[in-house]
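K.L.:
Quick note, the sequences are listed as chains A and B, same order. Quick note on this note's numbering: the first sequence kicks off at 161 and runs consecutively. Quick note on this note's numbering: the second sequence kicks off at 1095 and runs consecutively.
Incorrect hints may appear among the rest.
So the derived list for chain A, only partly shown, Cβ under 10 angstroms to chain B, looks like this [stated by the list, open to error]:
| # | residue |
| --- | --- |
| 1 | TRP276 |
| 2 | GLU310 |
| 3 | ALA330 |
| 4 | THR331 |
| 5 | VAL347 |
| 6 | LYS348 |
| 7 | GLN350 |
| 8 | GLY354 |
| 9 | LEU372 |
| 10 | ARG381 |
| 11 | ARG385 |
| 12 | LEU389 |
| 13 | GLU391 |
| 14 | CYS397 |
| 15 | ASP433 |
None of these hints come from the bench; they were simulated from the model. Glycine is no exception: its CB is placed at the ideal position from the N, C-alpha and C atoms.
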Amino acid sequence: MKDLEFFRNLAIGQYVDARSSFHSLGAGTKGFVLFALALVAIAAPSPLGAALPFVAALALGRAAGLGSGFLVRGVKPALPVFVFAALLQFLFAWPGDSSPVLVAFGPVAATLREAWIAASVIARTASMIVAVGLYTATTPESEAARAVEEGLLPLARLGLPVHRLALAVATAIRFVPIVASELESVVKAQASRGGRFGAGRGGPLAKARAYLPLFVPVTVRALERAELLAEAMEARCYTGEGRSRDPRRSTMRGEWAVRAAAFALAAAVLAIDALILIPRIRPW
Amino acid sequence: MPLIEAHAVSYTYPESPHPALTEVSLSVEAGDYLAILGANGSGKSSLLRLLNGQRIPSSGYVRVAGLDAGLAENAALVRKTLCLVFQSPPDQIVSSVVEEDVAFGPENLGLERADIESRVEEALAAVGLLEERRRPTHALSAGQQQRLAIAGALAMRPACVAFDEATSMLDPPSREAVLRIMDELVARGVAVIHVTHDMAEAARAARVLVLSAGRVAFEGTPDELFSAADGRTQPPALTLGLGLPPAAHAARVLGLAPRAREDASGLAARLLAEHPEIRYAALPARTADVSDDSPIGQIPAAASPFPAFAAEDLAYAYLHGTLNETEALRGVSFSLDRGMSLALVGRTGSGKSTLLQLLDALARPASGRLKALGVAVPARQDAARRDARGKGGAPLLGRRRAYKAAVAEDELLRLRTRAPLSVQRPETALFERYAGDDVAFGPRNLGLFGAALVTRVRRAMDEVGLPFEAFRDRPIRALSGGEKRKLALAGVLALEPEALLLDEPTSALDPETRSAVLRVIGARRASGSTVVMATHSMEEAALADRIAVFARGRLVAFGSPRSLFYESYDPSWGVARPFAVELALALAAGGCGLLVQGARPLFPEEIAAVISSVTAADGAEGLR
Chain A
161 MKDLEFFRNL
171 AIGQYVDARS
181 SFHSLGAGTK
191 GFVLFALALV
201 AIAAPSPLGA
211 ALPFVAALAL
221 GRAAGLGSGF
231 LVRGVKPALP
241 VFVFAALLQF
251 LFAWPGDSSP
261 VLVAFGPVAA
271 TLREAWIAAS
281 VIARTASMIV
291 AVGLYTATTP
301 ESEAARAVEE
311 GLLPLARLGL
321 PVHRLALAVA
331 TAIRFVPIVA
341 SELESVVKAQ
351 ASRGGRFGAG
361 RGGPLAKARA
371 YLPLFVPVTV
381 RALERAELLA
391 EAMEARCYTG
401 EGRSRDPRRS
411 TMRGEWAVRA
421 AAFALAAAVL
431 AIDALILIPR
441 IRPW
Chain B
1095 MPLIEAHAVS
1105 YTYPESPHPA
1115 LTEVSLSVEA
1125 GDYLAILGAN
1135 GSGKSSLLRL
1145 LNGQRIPSSG
1155 YVRVAGLDAG
1165 LAENAALVRK
1175 TLCLVFQSPP
1185 DQIVSSVVEE
1195 DVAFGPENLG
1205 LERADIESRV
1215 EEALAAVGLL
1225 EERRRPTHAL
1235 SAGQQQRLAI
1245 AGALAMRPAC
1255 VAFDEATSML
1265 DPPSREAVLR
1275 IMDELVARGV
1285 AVIHVTHDMA
1295 EAARAARVLV
1305 LSAGRVAFEG
1315 TPDELFSAAD
1325 GRTQPPALTL
1335 GLGLPPAAHA
1345 ARVLGLAPRA
1355 REDASGLAAR
1365 LLAEHPEIRY
1375 AALPARTADV
1385 SDDSPIGQIP
1395 AAASPFPAFA
1405 AEDLAYAYLH
1415 GTLNETEALR
1425 GVSFSLDRGM
1435 SLALVGRTGS
1445 GKSTLLQLLD
1455 ALARPASGRL
1465 KALGVAVPAR
1475 QDAARRDARG
1485 KGGAPLLGRR
1495 RAYKAAVAED
1505 ELLRLRTRAP
1515 LSVQRPETAL
1525 FERYAGDDVA
1535 FGPRNLGLFG
1545 AALVTRVRRA
1555 MDEVGLPFEA
1565 FRDRPIRALS
1575 GGEKRKLALA
1585 GVLALEPEAL
1595 LLDEPTSALD
1605 PETRSAVLRV
1615 IGARRASGST
1625 VVMATHSMEE
1635 AALADRIAVF
1645 ARGRLVAFGS
1655 PRSLFYESYD
1665 PSWGVARPFA
1675 VELALALAAG
1685 GCGLLVQGAR
1695 PLFPEEIAAV
1705 ISSVTAADGA
1715 EGLR
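If we strip away everything but chain A, and leave its shape as in the complex, we get:
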């Protein structure tokens, strides 16, 4: 028997409410940082370069007050994948691989080139996991919607109602926990009256019918709450037009520096990796 707690199983990142300068960056800027980290993780030619975002994200996470174990723990579920990736490298030889053999078990040999590639795959994946973890841990879902607005902004010139669209996205995201809590309450109410969902026998129609006691009230409540919210917004003079210029834009200016720095760093790392590191340490 499972507990009827839905929030725990909601897998939309894990926002950690803490105060840090990284937390207070705009969601768009954090998105840029994530993008820069991902760029290095994917494009860095050496495993060392690919591992750099891992270290950088951990350092940022530490600065953001996430605690050292939190982000690393996110990598744990990927460990079997890492082992599999490494095995794959060692089992199958690259054509024309002339790099020195490190270890050999009969026909299976681990060459330096294979180790290099395996390390790259692992470094890239681990870096990506940690970078995404950093983003979701420091950005509440509702602010991610703000990043959507920012991303859409250039389309405003084409006459797209960007603000309204963004408000719709933000509201939709805000409704996820609301609907989840309504669902939880309804499931509890029906379970108290002996309702067992998913245990129904019979064809698909009968099974679908078994979920009516959940589906109907949750839909009705979600619509009701949407209407209440609309009414509250209307009472506060919302018409969708004639609003003040959004202040978030002006606060973004300082953050351009952060974005530029993130990209400059990413570019520098890539350049150093490709132009200086690779020619010296690549063994073939």
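Place chain B on chain A using the hints.
P.N.:
The following block gives chain B in isolation, referenced to the frame of chain A:
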């Protein structure tokens, strides 16, 4: 010129055969304080929406600051003059950050940034949320969220703020905070309109308007509403089916003139002046004593061998096993005998609802021991250990363990219907098209059908006051809010449960529906059901055999109403005392015996009986 003026407005919702409002007139001046009372569905909310132009009257007119509220071009001016605060705090929040939410209204008006900033600051300061301005809105408590909604209204610099049952979903301390803000607004010259079901709240206003079936049934001062002047035998509040504030009710049954705004000590002083003899009377109540109290938070040594619920060191955490794990309950121990009633009190988020879910096996304790109606509800860690054992070991033994586990699980599932939980606002879980079908959902899940099923449904519907014959085929959509609440209660009663678990069963109900629901619960208690009920009303809690006080996930006090309210009362619980207790204490301070009977405080009716017996004895002595 009045600030707000409605002249003979009528309104009928599209697709509705009956008008919601008929020829309603009212006027509100600057700095006015008007309370609007009326049953669920009497048109109060519709009236507010006509006043701020969100609905347009079918006839009559509304003027706000001299402007016709029905005209679209006046909408912005009207809505920034008359701002609304609604019932449900989370349904009014637009932004994810406190100060941005407050800025939403001013931004809609197209104001300059500097102006918006100063308005936001001023509004947050007025509701005491300035410290929280950078916090995410979802991290606020319900009470804070409601104050945020008020700040959102104040940022418009309105001339009038209308509260639409804005206190009904709050715990008493949060409610008090909102009421204080209303007082401050009025003192600053901002008019306040307060739609409420609470008579004590209405008594704080300068004027009261009562709506009944869409018409104005009364208009006057709270004193006129709650006292029987002009040779009437009943105060208008009673003829209108509203009830009285606790003090006015007590005054009335004690034979004194009810006053709208009187506290317990004022009433006690009047009572002692009127009946000085009760000071010296040997009060029967004083001698009666039942030793029924257990040390706080502990299982009484002489606990019955068949308790309905026995908890030992219960703990529970939401989002268990994640970084955001939050403790909801810790170290909770108590025992409740079968047939007894228990009231759970404490602030919102103190753990009351969590405990109810554990008692119903809807959630499993993280640790500790819990026995509900003889069934052991295993803690999460024990269950995990048992599962692990079931997997290993000899195959035959494993199978036997699996069988036993299945039996245990079945028992837990059955427990849910033996002690069903009626969740908060249970009417939101109604799902069938017709009333009778929804009540039948539970008994049908128990395997009943045919005549037995009909009997169950009939009995439950009759019991809650929705006669089976009249209501079975009514579409649920067409029921009023109060009727839906009763129907949801019938859906639980139709299970013929041994124990009832109720989460705020009377929240946001009008006085009539509220007493109807309390009558049904009382009847179940009288017929031997165990009742556990979370409530914010101390008047309701005082009626229970036991009260459990929760604060921040801990059971801080457990005992009879008498022991809690008289002997070990602690204001830090954040729980007020019922008026009957305040009165008894005020009388005791004036030289009377402490008016308690057995385990609970004497209610005004009983105090009146004491007085009449004392005065009768005095009269007899005088004759001798």
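K.L.:
Taking the numbered hints from earlier one at a time, note which ones the structure violates and give those numbers from smallest to largest.
P.N.:
Checked against the structure, the hints that fail are numbers 1, 2, 15, while the rest are satisfied.
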